[in-house]
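Chemist: Residue-level listing of the chains:
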Amino acid sequence: MTADPVADSVAESAAGFVIGRRSPAAAYSDRFAAASAGGAIRLAEIPFLTHLNVRADPASPAAERIGTALGVPLPVEPGVVTEGGGLSVLWLGPDEWLVVGPDGAARELRERIRGAAAGEHVSVVDVSAQRTTLVVAGERARDVLAHGCALDLHPREFGPGRCAQTLLARTGVVLVAKEDGFWVLVRSSFAAYAAEWLLDAVVEYTAVECRG
Amino acid sequence: MLLIACPWCGPRDEAEFHYGGQAHVAHPDDPAALSDEEWARYLFFRDNPKGLFAERWSHAAGCRRWFNAVRDTATNEIHAVYRVGEPRPVNS
Ligand SMILES: [Zn+2]
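In the order they appear, the protein sequences are chains A and B. Okay, so the first sequence: first residue is 0 according to numbering that gives the first Met the number 0, each after it adds one. Okay, so the second sequence: first residue is 0 according to numbering that gives the first Met the number 0, each after it adds one.
This is chain B alone, in the form it adopts within the complex:
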């Protein structure tokens, strides 16, 4: 079980959270201008690193807010959590 620090509520059980995939995937400015392949890349293609990964989590059973976390996919260690709209911390 992971202990995840919600940026609002503090450390909580992993069971209280919902996973939201890769963070900082920008919505295209003009989706209609994209080719099918570009649109598919936006929708379905995600990074799959071994190591640090910025991802979205929702504190579903708590304050119900989405936030971002930088997790090491190899060790599950969470290096940073930050609120939506805040930049990814530089050292994580």
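This is chain A alone, in the form it adopts within the complex:
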């Protein structure tokens, strides 16, 4: 009698088998590493970051208390990121922010924000699974992104500490300028497309050694 693989896997789960997580761009890690080998560009995924969507009246005492509880004020100026203590708080709209933290921090952060809200009209939603984080760094990072993004990415306009929701290769992204490159927060279902597009866009900066 041959074993039934489906039944076997079910039995294993019942016995406490833990199903592994797989990040949306996990399949691209090797190609990202190969594209990064030349040094002009670095592509990578930072999987499983915690993303919390927070909505509150920016002028309310609750907004100020949330900033205090996070140790990072909620930015009120459009397109600004505040950072500290391993957290980044991205301005998404006049009453909307994305709190980005390390993997596994969602529950604790959510409770901290809820506690600070203290019953005021505030919304906190764990949207960690909505997007993954791609890194586009290296000296040609701006050139690569400019292939598919209409924003002025010059450091004068979009230097570290700036963020924008915009289109990259017609895909909605949150673009974040970090000290050492860019984060591209892309929806999980678009991650493969964005990865393919980036790998194509970097060819002219990475393919020199393949010419001869």
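Derived by calculation from the structure, the hints in this document are not laboratory data. It should be emphasised that the depicted structure is a prediction, and the values quoted were computed from it without experimental measurement. Beta carbons: idealized from backbone N, C-alpha and C, even for Gly. You may find that some hints are simply not true.
[Claimed, not checked] Restraint ranges, calculated between C-beta atoms of paired labels, are given here:
id	chain 1	residue 1	chain 2	residue 2	range
1	B	M0	A	R106	42 to 48 Å
2	B	F44	A	P46	48 to 54 Å
3	B	A25	A	A26	51 to 57 Å
4	B	V83	A	E119	19 to 25 Å
5	A	R169	B	L42	30 to 36 Å
6	B	H26	A	A33	55 to 61 Å
7	B	L33	A	A26	54 to 60 Å
8	B	H26	A	K177	42 to 48 Å
9	B	L33	A	L198	53 to 59 Å
10	A	T67	B	E36	55 to 61 Å
[Stated by the list, open to error] Short derived list, chain A residues pointing at chain B, Cβ under 10 Å:
id	residue
11	G78
12	W90
13	L91
14	E95
15	A149
16	D151
17	Q164
18	L166
Using the hints, position chain B with the ligand against chain A.
Modeler: Leaving out everything else, chain B with the ligand in the frame of chain A:
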């Protein structure tokens, strides 16, 4: 391609926006009191000027906020943008 200045995010590509039609169309205070014709006028009848037109736009691929813009329908020049709740600028 139009360059539209979102009142929150600044100038962005037209492709990031969603068009919302004529601005400042007030919802009737008591819809039940309207005749069918009056209700149809509220729902479906809009100005169609050649020239300045106050209209609603949503920054759909950006901050996702609705705002108002005054656009010249003949030239596509945008004369003003302003946030919801703000009055239409007088010179536009
Ligand atoms: Zn906007």
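Chemist: Would you mind marking each hint as holding or not holding in the structure?
Modeler: Here is how each hint holds up against the structure:
1. For the hinted restraint 42 to 48 Å between M0/B and R106/A, the CB-CB distance of approximately 44 Å keeps it satisfied.
2. The hinted range of 48 to 54 Å is satisfied by F44/B and P46/A, whose Cβ atoms lie roughly 53 Å apart.
3. Distance hint check for A25/B and A26/A: the Cβ-Cβ separation is about 53 Å, which falls inside the suggested range of 51 to 57 Å.
4. Between V83/B and E119/A the Cβ separation comes to about 23 Å, which falls inside the hinted range of 19 to 25 Å.
5. The given range of 30 to 36 Å is respected by R169/A and L42/B, whose C-beta atoms sit roughly 33 Å from each other.
6. Between H26/B and A33/A the beta carbons are some 58 Å apart, a value that agrees with the proposed interval 55 to 61 Å.
7. Range check, L33/B to A26/A: about 58 Å between beta-carbon atoms, so the 54 to 60 Å window is met.
8. A hinted range of 42 to 48 Å for the beta carbons of H26/B and K177/A is consistent with their spacing of about 45 Å.
9. Taken as a hint, the range 53 to 59 Å holds for the pair L33/B and L198/A, whose Cβ atoms sit roughly 58 Å apart.
10. About 57 Å separates the C-beta atoms of T67/A and E36/B, a value consistent with the hinted range of 55 to 61 Å.
11. Taken as an interface hint, G78/A checks out: its beta carbon lies about 6 Å from the nearest beta carbon of chain B, inside 10 Å.
12. Because the smallest distance between the Cβ of W90/A and any Cβ of chain B comes to about 8 Å, under 10 Å, the interface hint for this residue holds.
13. With a least beta-carbon distance of about 7 Å to chain B, the hint placing L91/A at the interface is held under the 10 Å criterion.
14. Checking E95/A against chain B: minimum C-beta separation of about 8 Å stays under 10 Å; hint holds.
15. The beta carbon of A149/A comes within 4 Å of a beta carbon in chain B, closer than 10 Å, and the hint placing it at the interface holds.
16. At a threshold of 10 Å, the smallest CB-CB gap from D151/A to chain B is about 9 Å, leaving the interface hint in force.
17. For Q164/A, the interface hint holds, the least distance from its beta-carbon to any beta-carbon of chain B being 5 Å, beneath 10 Å.
18. At about 5 Å, the closest approach between the beta carbon of L166/A and any beta carbon in chain B falls short of 10 Å, and the interface hint on this residue holds.
Hint compliance for this structure: no hint is broken.
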